Amino acid sequence: MRILGIDPGLRRLGWGVVEVAGPRLRHVANGTCLSGEGALAVRLLALHRGLTAVITEYAPTHAAVEQTFVNRDATGTLKLGQARAVALLVPAQAGLEVGEYAPNAVKKAVVGVGHADKAQVAHMVGLQFPGVTLAGPDAADALAIALTHAWHLQSSGRLAAAVRRALS
130 MRILGIDPGL RRLGWGVVEV AGPRLRHVAN GTCLSGEGAL AVRLLALHRG
180 LTAVITEYAP THAAVEQTFV NRDATGTLKL GQARAVALLV PAQAGLEVGE
230 YAPNAVKKAV VGVGHADKAQ VAHMVGLQFP GVTLAGPDAA DALAIALTHA
280 WHLQSSGRLA AAVRRALS
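Numbers 130 to 297, taken from the numbering used here, label the letters of the sequence shown in order.
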């Protein structure tokens, strides 16, 4: 199973791909899609094309996206929501189910506390994948989202197996 984690952002959309084989997790790739400058529609198109290329190249079987938090700047929140729509749309177009996780849930899963900063998240992702070069904090966040989804899928699979055993 290959999981694409996506950290939506209008300027920089982070992405990370991990492979799950039983209890083992392996880093596949990570990076950032840049939207450039200019009209919002053109920037969203750049994110769409970049993320589509990632899916084409790495062929994930699952995807997960960080949920948007509301900040004090309403305009910024709306623009982030539009970038998040691209992050949800592209995997859906590829036929992938998309998991969604709150930022605090991702931080709690990866760091152990829900209010960790980006440096702490990157450090823990680096410990999970020693020797891997992270393409920046947005890519590290995306890998953290992919890890969270992997652990969620693994635990739900174990729960389903336990229920099947209990019923038989």
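Hints in this document: simulated from the structure, not taken from any laboratory.
What you are looking at is a predicted structure, and each value in this text was computed from that prediction instead of being measured.
Even for Gly, the Cβ is constructed at its ideal location relative to N, Cα and C.
Wrong hints could be hidden among the right ones.
Using C-beta positions, here's what the derived DEER-type ranges look like [said to hold, decoys possible]: (1) T185 to Q211: 20 to 28 Å; (2) S297 to G165: 17 to 25 Å; (3) S297 to D202: 50 to 58 Å; (4) T262 to A182: 17 to 25 Å; (5) Q283 to A221: 21 to 29 Å; (6) Q222 to V242: 18 to 26 Å; (7) L207 to A150: 36 to 44 Å; (8) L169 to S297: 51 to 59 Å; (9) G265 to S297: 20 to 28 Å; (10) S297 to L256: 35 to 43 Å; (11) S297 to T262: 43 to 51 Å; (12) G210 to K247: 15 to 23 Å; (13) L174 to H252: 28 to 36 Å.
To see whether the hints hold, each was checked on the structure:
Our hint of 20 to 28 Å for T185 and Q211 holds, since their Cβ atoms are close to 23 Å apart. Restraint check, S297 to G165: a C-beta distance of roughly 56 Å breaks the suggested window 17 to 25 Å. A beta carbon spacing of about 54 Å between S297 and D202 agrees with the range 50 to 58 Å that was offered as a hint. Distance hint check: the CB atoms of T262 and A182 are about 20 Å apart, consistent with the given range 17 to 25 Å.
Judged by the Cβ atoms, the range 21 to 29 Å given for Q283 and A221 holds: they are separated by roughly 23 Å. Range check, Q222 to V242: Cβ separation about 35 Å, and the 18 to 26 Å hint is violated. Between L207 and A150 the CB atoms are about 40 Å apart, so this pair conforms to the stated range of 36 to 44 Å. Taken as a hint, the range 51 to 59 Å holds for the pair L169 and S297, whose Cβ atoms sit roughly 55 Å apart.
In this structure the supplied range 20 to 28 Å is violated for G265 paired with S297, their Cβ-Cβ distance being about 48 Å. Take S297 and L256: their Cβ atoms lie about 39 Å apart, and the range 35 to 43 Å holds. Range check, S297 to T262: Cβ separation about 47 Å, and the 43 to 51 Å hint holds. Look at G210 against K247: about 21 Å separates their beta carbons, and that is inside 15 to 23 Å.
The hinted window of 28 to 36 Å between L174 and H252 holds, with their beta carbons roughly 34 Å apart.
Hint check: violations occur at hints 2, 6 and 9; the rest are consistent with the structure.
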